[in-house]
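Peer 1: This is what each chain is made of:
2 protein chains.
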Amino acid sequence: MKALWLENNQTSLREIPQPEKTNEALIKIRSAGICSTDLELVKGYYPYTGVLGHEFVGEVVTAPDASWIGQRVVGEINATCGKCEACLNGRPTHCEVRTVLGIVNRDGVFAEYTTLPVENLHRVPDSVPDEMAVFTEPLAAALEIHQQIQIKPTDRVLLVGAGRLGQLVAQTLALTGCDLHALVRHTYQKDLLATRGIKTIAEADIQPRRWDIVVEATGSPVGFDIARKAIRPRGTLVMKSTYAGELTVNFSPLVVDEITIIGSRCGPFAPALGLLERREVDPTVLISAQYKLGECLKAFEHAAQSGVLKVLISM
Amino acid sequence: MKALWLENNQTSLREIPQPEKTNEALIKIRSAGICSTDLELVKGYYPYTGVLGHEFVGEVVTAPDASWIGQRVVGEINATCGKCEACLNGRPTHCEVRTVLGIVNRDGVFAEYTTLPVENLHRVPDSVPDEMAVFTEPLAAALEIHQQIQIKPTDRVLLVGAGRLGQLVAQTLALTGCDLHALVRHTYQKDLLATRGIKTIAEADIQPRRWDIVVEATGSPVGFDIARKAIRPRGTLVMKSTYAGELTVNFSPLVVDEITIIGSRCGPFAPALGLLERREVDPTVLISAQYKLGECLKAFEHAAQSGVLKVLISM
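Those sequence lines, one after another, are chains A and G.
So that you can map any letter, position 234 of the first sequence is 1455 in our numbering, and since no number is skipped, the others follow by simple counting.
So that you can map any letter, position 215 of the second sequence is 1436 in our numbering, and since no number is skipped, the others follow by simple counting.
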């Protein structure tokens, strides 16, 4: 089968054997999305060799449990052992020996087929089209914030950065009724938020030490610095992005102000599908372009350009 | 009156006028404790000019409300406005225009007298002697951890550092029934903990990524690094110390592991007095030496020596 292969920071479109794992579902990919993590992996953020890609919607071809066959599905990306301390304590996304679809020791979804344990699969409701369902994984990641902290309707919430993931974070934060403002870099990001009535704010207008919750979604030290200054004493700073390299931080004011900093990664799929089914969020506005798998190298070039949000690859 | 004055990082024993604030209680100091923050202020950690000291027990001499006169009291160190956003939202210790006893724009307690608003005062139960009551402020700071996060009896908790504040943190953490281990530098710290049945652990024996909660109480980058490595995914790292200078931190693993970092400062006085009254904690084991106010410069020299815990100054 055709697949986008990453090796030594080089991507190539290759012909590789179709995966065979009798204890997992074989899934024919229908559509897959390019995420910032994919672009970071290509840059060498984390050493990975194999098929890239982890956001997808597909159809089950074979499965240990035949009831899955023919189902249109999305899949959680962490394949877990079910036996380690993290798994046994209800933190499967932190499984100590996990493989991660297209990220850690598990071939991903920019390919004709992939495999996943059936435990990872979620049926997609018929009313949710592929171009929505393919956003389930990043939408779940946005919802992880809501799993971790309480966001009150009266909270002043600042979102720093509204790129691929930030736009979905903005849409889910807005559902809480909180007083949300987003700091964006590009006009098109602002325009997208405006279509949903989400306010943006200029950096100069961000009142320092006034925001109950700040979500940092830029992954840049500049974004972190803006977030730090905006958060109020006893406020919560959610780190929704990983950072290339190290941050140098003066922790004493964070201690004096009793700030909480919380890292946030993968989230729950079922509620994300529920939001899509009820059209409470609309990720399709993020689609910048669609490519066929044969053009996936071009798709990656496109996705890496500034100002591009979601690039989809369909099979 | 005699007072320990700090100016341009120089301490001196001075004769200064007795304070006069008709809207505050005048308190005759009975005993006061030297805290690491005092030593840091002398080193120039934060610019401050005035009488040093914020841990005390004293007797009210005059007060706007006469019912306080003659009472033996301890006092909360943050004097607040009651009108700012922080005050009105139940975060008075973060009052935006606060003065802080012996730390920010308010003369402290290494003196014959000090003043505080009566709202800051707490009566000391008769059964709590001065040498216990003088620890109310740092004991309250230890309890702030319990105000901020839930510590379950089944939690594995690592305390990094058991100096002046760390010893009190150890005693209050132990009350939760959690599986507590402390990493200490000095034998005498270990011995003190052993008298209360609190276990210590060698650095080499600290399992990485295994501790539900880690309390960092060293204020050193080395301590922070140990804490970082010990905390489990989705664990909580409590920062109980301020840091001179900046820390350089690789945040990506903190995001991937969804770690929570929380700064912790001043805590609640009433429960601290309750613990002292019921003898659930015993801070008096920390007393390394007692000096008279006239010898307070010598007391500071003593307190700054390695291996010294609490040095008290009595009036």
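Hints are supplied without guarantee of correctness; some may be wrong.
Heads up, the list lumps identical chains together, so a pair's fine if it works in one copy or across two of them.
[To be verified] Listed next, the in silico EDC-like pairs over lysine to aspartate or glutamate satisfying Cα-Cα at most 20 Å (straight line):
#1 K1373 x E1306
#2 K1223 x D1503
#3 K1304 x D1478
#4 K1242 x D1503
#5 K1249 x D1351
#6 K1450 x E1467
#7 K1249 x E1333
Calculated directly from the structure, the hints in this document are not laboratory data.
Peer 1: Which hints from the list above does the structure break, by number from lowest to highest?
Peer 2: Violated: hints 2 and 4.
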